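Residues in the sequence shown are numbered from 1 upward in steps of one, following UniProt numbering.
Bear in mind the hints are in silico, worked out from the structure with no lab data behind them.
Model, not experiment: these values are computed from the prediction.
Hints are not guaranteed to be accurate.
Each computed EDC-like pair below joins lysine to aspartate or glutamate, with the alpha-carbon atoms no more than 20 Å apart [what the hints assert, rightly or not]:
#1 375 - 448
#2 65 - 19
#3 415 - 355
#4 80 - 448
#5 80 - 148
#6 75 - 39
#7 65 - 16
#8 363 - 315
#9 456 - 491
#10 75 - 420
#11 80 - 39
#12 151 - 76
#13 304 - 315
#14 344 - 326
#15 375 - 321
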Amino acid sequence: MGSIAPAISEDTQSADQIDAFIQNHPVAISLRNDPKYTEVRPHLKVAEQFRAQNFMTGALTGPRKIAVPPYVFSKENGEKLVMLMHLGENLCDYPQVIHNGLIAALFDEGLARCCFAALPHKVGVTANLNIEHHQPLMADSYIALSAETTKLQGRKAWGYSRIETLPVDGDEAILIAEARALFIEPRQIEHTAVTASRARRDAGKPRISRRTSDCPSFAHAAFKLVTSPASNSISHTKFICPTANMSPQGSRLQGKVAIVTGGGSGFGAAIARRFGEEGAKVLVADINVQGGEQVAAQNPGNLKFQRMDVTQKSDWTAIVDLAFSEYGRLDILVNNAGTSYRNKPTAEVTEDEWERVFNVNVKSIFLAAQVVMPKFIEQGQGGSMINISSTGASRPRPGLVWYNASKGAVTNATKGLAAEYGPHNIRVNSVAPLLSGTGLFSMFTGMEDTPENRQKFIGNVPLGRLTEVDDIANICLYLGSDEGSFVNGTEMVIDGGKCI
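Please build the complete structure, drawing on both the sequences and the hints.
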């Protein structure tokens, strides 16, 4: 797997060099030579006098930001779209990490460009935008945003998008984030467009076009149509973005100290970030040094990385000692580290795969109980242990028999530990997520990760989506906080109703 470290420093690149790199990149050349795609530079269509007022051509544009307008390649009628661009270091929230709010904005624009073209009047509003973050996006990176319309029903269009690094010097592309969105065309769009155009005509301003799939700007407003003088068109709006990771600093875990295993990616990264946002001091534990350090770098005041192999007792002793030496206490342990093998017939599972699953998924909790519980008792203030299980623990399916068995052990051990340590005010609970989009779809289902296969799986979920990392982060926040002080020995099933 390639590195997601910064590409080539912008200090050594001019806008012309960035432009040349993207224009001549093999991905761009391949798309340009494909007759099904049309190449456009929509941001260059914005009149110069209006660019400063436009989000994507104004505030975000310039040296060390978006130095070169994106290259956009699209198929007809919103079938597919690819956007290639470079993001500089002045677009960061934490040092050298691109702001997640910008990632949300890019998804919103890319998906809108794609899906609007499929709607009857080429205009809509963002009714829902769900984002799953896989890796932090580092500054000075070239990226490729791909989007496609996955379903069209009357005035509604559903879309799927992903942001990956644009390979540099032979590196592999790395998945940064995925997004799914629903866009709705307002019922009164014909009347709204005509009325707005007349109003602008009466005011001596240019006529509004209804073809807003060409619009390079958007508004972050609360479900209402707004006009954009930068493009002389009706802009779509942002309605909801529940996972953009932009919540302000809270205090629900203020003064608490937590360890989150498997904190370098997926659920663990989201849990660590959420705990840090709510005031906790968090030790981000992971065997993956690069992933763990990148997560910790997003909130260096509250997150600290510690390399850890959860199958080794010495590593458990070391991280608990670090918690007490660094922060003087330990209040919450999230046993999130886990692993599996690819979905396949049980007879094909190797002994090494079996041992690895039970070592990481079950032995880790055995070691945690041996090392952490005595410290909780010695501390005399109770504690909260949260074990990440799976819906497979109570609803096993073919192809993952031993993974499901390991998670059944997690759920069962959770109840036993809760009964044993409850008198010490130590609460032990488990969280059982449904399959998520954290890059493991193929491994768990045995199917290729395509929008069609995802939709087939999602079709059996009453709430109509996969588990998102923030779903798990938020329930862990509840269990770790004082709000969950009377919850003990419970299995929190987070599955959108699939296991009903």
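**Request:** Could you check the structure against the hints above and give me the numbers of any it violates, in ascending order?
**Result:** 1, 3, 9, 10 and 14
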